[in-house]
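Those sequence lines, one after another, are chains A and B.
FYI, in my numbering the residues of the first sequence are 67 to 241.
FYI, in my numbering the residues of the second sequence are 6 to 358.
What the hints contain is simulated information worked out from the structure, not anything from laboratory work.
For every residue, glycine included, the Cβ atom is placed at its ideal position computed from N, Cα and C.
Do not take every clue at face value.
Said to hold, decoys possible - Restraint ranges, calculated between C-beta atoms of paired labels, are given here:
# : chain 1 : residue 1 : chain 2 : residue 2 : range
1 : B       : Pro225    : A       : His99     : 44 to 50 angstroms
2 : A       : Asp209    : B       : His25     : 33 to 39 angstroms
3 : A       : Ala201    : B       : Asp259    : 33 to 39 angstroms
4 : B       : Glu47     : A       : Leu170    : 37 to 43 angstroms
5 : A       : Arg206    : B       : Gly150    : 41 to 47 angstroms
6 : A       : Ala100    : B       : Asp89     : 38 to 44 angstroms
What the hints assert, rightly or not - The calculated BS3-like cross-link candidates involving lysine-lysine, where the alpha carbons are at most 30 angstroms apart (straight line), are:
#  : chain 1 : residue 1 : chain 2 : residue 2
7  : B       : Lys46     : A       : Lys124
8  : A       : Lys102    : B       : Lys18
9  : B       : Lys182    : B       : Lys291
10 : B       : Lys33     : B       : Lys46
11 : B       : Lys33     : B       : Lys18
12 : A       : Lys124    : A       : Lys102
13 : B       : Lys46     : B       : Lys291
14 : B       : Lys33     : A       : Lys102
15 : A       : Lys124    : B       : Lys18
16 : B       : Lys291    : A       : Lys102
17 : B       : Lys182    : B       : Lys18
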Amino acid sequence: MDAKVSPPPGSVAAADTRPAPLPVTFHVNGTAHALKVEPWVTLLDLLRDRLGLTGTKKGCDHGQCGACTVLVEGQRINSCLTLAVMQNRRHITTIEGLADGDLLHPLQRAFVTHDALQCGYCTPGQICSAVGLIAEGQARSVDDVRELMSGNICRCGAYPQILDAVCEVALEPKP
Amino acid sequence: MTPFTYVEVGSVKEALEAFHGGGDGRSKWIAGGTNLVDLMKENVERPMRLIDLNALDLHGIEPAADGGLMLGALARNAATAYNDTVRRRYPLLNAALLAGASPQIRNMATNGGNLLQRTRCVYFYDVGTPCTKRQPGAGCSAIGGLTRQHAVLGASDACIATHPSDMCVALAALEAKVHVQSRRGSRTIAFADFHRLPGERPDQNNTLAPGELVTHIELPPAAQYEAHSAYLKVRDRASYAFALVSVAAALDLDPQGLVRSARIALGGVAHKPWRVLEAEAVLAGKPPIAAHFNAAADVLLRGARSQGDNAFKLVMARRAIVRALETATAGTQAHSQDPNDGPGRPDTKEQHP
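Model the full structure from these sequences, guided by the hints.
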C-alpha cells in the first residue's frame with residue numbers, strides 16, 4: 067500500500083505548519099459519511115459535532131469514565147482516545163444505532179425495566195459497553211460482568227441497577 | 006491539541022522511512038493511541054506529525070521457533086489476553102493483561118504501545134508544574150508533593166514516577182525479548198534492558214534509539230511456570246486503577262515440592278518493572294513457605310525508600326510479594342478465581358509482617 071500523506075507531497079515545511087483536513091469515510095449506524103476532518107479531531111468530537119450524533123457523551127475526555135464508548139467493527143472503545151482519521155473506513159455503531167425503529171435493543175429495554183439510571187449521562191456509554199461485553203463472550207458470572215463493566219463510571223451510583231440490567235441480557239441462558 | 010499532520014503507512018519499511026522524512030524531527034508513531042492522544046490533549050506531547058502504524062502486518066500472535074510465542078506489536082491487549090495459547094501457556098501474562106486498564110482500553114491498546122506508554126505521574130501531566138521528565142533540568146515537582154502513587158525503588162532526584170503497566174511486570178518475570186527494527190537493521194533487547202531507571206534523564210523511558218520500531222515481543226518457553234503463577238495487583242479500588250503495588254510471581258516446583266526456580270517482578274514501585282535476580286535465587290532449593298518468601302522480599306526491597314505519602318508501599322510490597330508467592334504455590338488460578346477479586350480471603354493470609 068502506498069503511504070497516504072496529507073497534505074500532498076510538494077511543500078513539506080508548509081504542510082507541517084498548516085495541516086489540511088483529510089478526506090475520510092465512515093459507516094455510522096449503517097449510513098456512509100464522506101467528509102474532511104483535521105487530524106486532531108477525535109472520533110468523539112466528529113460524532114457529536116460533525117455528524118450531530120450527540121447520544122455519545124463527553125465525560126472526562128481522557129478514557130477514564132466510559133461515557134464516550136462506541137463500537138468500532140463491533141468492538142467497544144473509548145471514542146475520546148482515538149483520532150477520527152485513525153478510524154477511516156471503519157463501521158461504527160453508536161447508541162443511536164442500536165434500536166430497530168421503535169423496537170429497543172434488549173439492553174435498552176433492560177435499562178428501562180431495571181431503572182438503571184438517574185441522570186442518564188453515562189447510559190449510552192454503559193449500554194454500548196454492555197453490547198461490546200456480550201460480543202466478547204467472556205462474562206460467565208455477575209462478578210465477571212462487574213469487572214468487565216469497570217470502564218464505565220456512573221456518578222449517580224446506579225451500579226446495582228446497571229449490573230442487574232446488563233446481567234439480565236448478558237447472562238441469560240443461550241438457547 | 007497542538008495541530009499536527011497525519012500519515013498512514015502500510016509496511017515496516019514505510020514506517021521507518023516516514024519517521025525520517027518530515028515532521029521536523031518531531032514525528033511520532035501512533036498505534037492504539039490510548040496514551041499518546043491523551044498526552045497530546047494535555048500538551049505534554051506535541052508531535053508535528055503522526056505516523057499511523059495500524060495498517061502494518063504486526064497484528065499476529067504466532068508460535069516461535071524454539072517453542073515460545075511471538076506477540077505482534079500491533080496485537081491488541083485484549084486479543085493477546087484472550088488468545089488461547091496465552092491463556093493456556095502464559096497464564097501470568099493473561100492475568101496481568103486483564104488486571105490492566107479497562108475493557109475499552111484493552112481493545113484499543115497494542116502490545117508495543119503498552120511497553121512504550123510513558124512512565125508518568127500527575128505532575129508529568131500538569132504542564133503548569135516543573136517536571137524533569139517533560140523538560141530536562143526543570144526539577145521534580147513530585148518530590149515533597151503528593152506521592153501516594155510514586156516510586157520507592159530506583160528513583161532519582163530528577164524523577165520518582167512509576168511505570169503503570171501490568172503487562173510489563175509479567176513480561177519482566179517471563180524474560181520476554183523485544184524485537185525492534187530500524188533503517189540500520191534489527192536487534193533484540195532483553196526485557197530487563199528495555200526500560201530505564203530515571204537517573205538524570207527521566208525524559209528517556211527506554212533504551213530504544215530514535216527511529217527504532219518495536220515489531221514483536223517474544224515470550225520464551227515457560228512451561229515450567231504454567232502450574233504455579235500469580236499476578237497480584239493492589240490498588241485503591243477493585244478495578245480500573247493503577248497498581249499501588251503489583252507482583253508477578255512464578256514458581257517451578259520439583260516433585261518434592263521444593264522450588265527449582267522462581268521469578269518475581271514488581272509493579273507500581275519503580276520507574277520500570279522491578280526484578281532482582283538475587284531475590285529469586287534465595288528461593289532455589291527451598292520449600293515454598295512464608296519464611297523464605299519474606300527473605301526473598303528482603304532482597305527485592307533492599308534500598309527501598311519512602312517519599313512520604315507512599316511509606317505504606319514498603320509494608321504493602323512485602324505483604325504482596327509473600328501473598329503472590331503463596332497464591333502461586335497453591336496453583337495458577339483461572340481468571341474467575343483471580344486472587345485480586347476474591348471477596349472472602351482467610352484472615353490468616355493477612356498476618357505476614
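Hints, verified against the model:
1. Under the hint 44 to 50 angstroms, the C-beta atoms of proline 225 of chain B and histidine 99 of chain A, about 47 angstroms apart, fit the expected range.
2. About 50 angstroms separates the C-beta atoms of aspartate 209 of chain A and histidine 25 of chain B, a value inconsistent with the hinted range of 33 to 39 angstroms.
3. Between alanine 201 of chain A and aspartate 259 of chain B the C-beta distance comes to about 44 angstroms, which lies outside the given range of 33 to 39 angstroms.
4. A C-beta distance of roughly 38 angstroms is found between glutamate 47 of chain B and leucine 170 of chain A, which places it inside the suggested range of 37 to 43 angstroms.
5. Take arginine 206 of chain A and glycine 150 of chain B: their Cβ atoms lie about 43 angstroms apart, and the range 41 to 47 angstroms holds.
6. One distance hint, 38 to 44 angstroms for the beta-carbon pair alanine 100 of chain A and aspartate 89 of chain B, holds here, with the actual separation near 39 angstroms.
7. Of the supplied pair hints, the one linking lysine 46 of chain B and lysine 124 of chain A holds, its CA atoms being roughly 14 angstroms apart against a limit of 30 angstroms.
8. Between lysine 102 of chain A and lysine 18 of chain B the CA atoms are separated by roughly 28 angstroms; this keeps the pair inside 30 angstroms, and the hint holds.
9. Restraint check: the Cα-Cα separation between lysine 182 of chain B and lysine 291 of chain B comes to about 29 angstroms, which is no more than 30 angstroms; the hinted pair holds.
10. As the CA atoms of lysine 33 of chain B and lysine 46 of chain B are separated by approximately 15 angstroms, the hinted pair is consistent with the 30 angstroms bound.
11. About 15 angstroms separates the Cα atoms of lysine 33 of chain B and lysine 18 of chain B, which keeps this hinted pair within 30 angstroms; it holds.
12. With a C-alpha separation of about 22 angstroms, the suggested pairing of lysine 124 of chain A with lysine 102 of chain A holds against the 30 angstroms cut-off.
13. The straight-line distance between the Cα atoms of lysine 46 of chain B and lysine 291 of chain B is roughly 51 angstroms, outside the 30 angstroms bound, and the hint therefore fails.
14. Of the supplied pair hints, the one linking lysine 33 of chain B and lysine 102 of chain A holds, its CA atoms being roughly 22 angstroms apart against a limit of 30 angstroms.
15. Between lysine 124 of chain A and lysine 18 of chain B the alpha-carbon distance is near 37 angstroms, which puts this suggested pair outside the 30 angstroms criterion.
16. Distance hint between lysine 291 of chain B and lysine 102 of chain A is unfulfilled; the C-alpha atoms sit about 65 angstroms from each other, more than 30 angstroms.
17. Restraint check: the Cα-Cα separation between lysine 182 of chain B and lysine 18 of chain B comes to about 21 angstroms, which is no more than 30 angstroms; the hinted pair holds.
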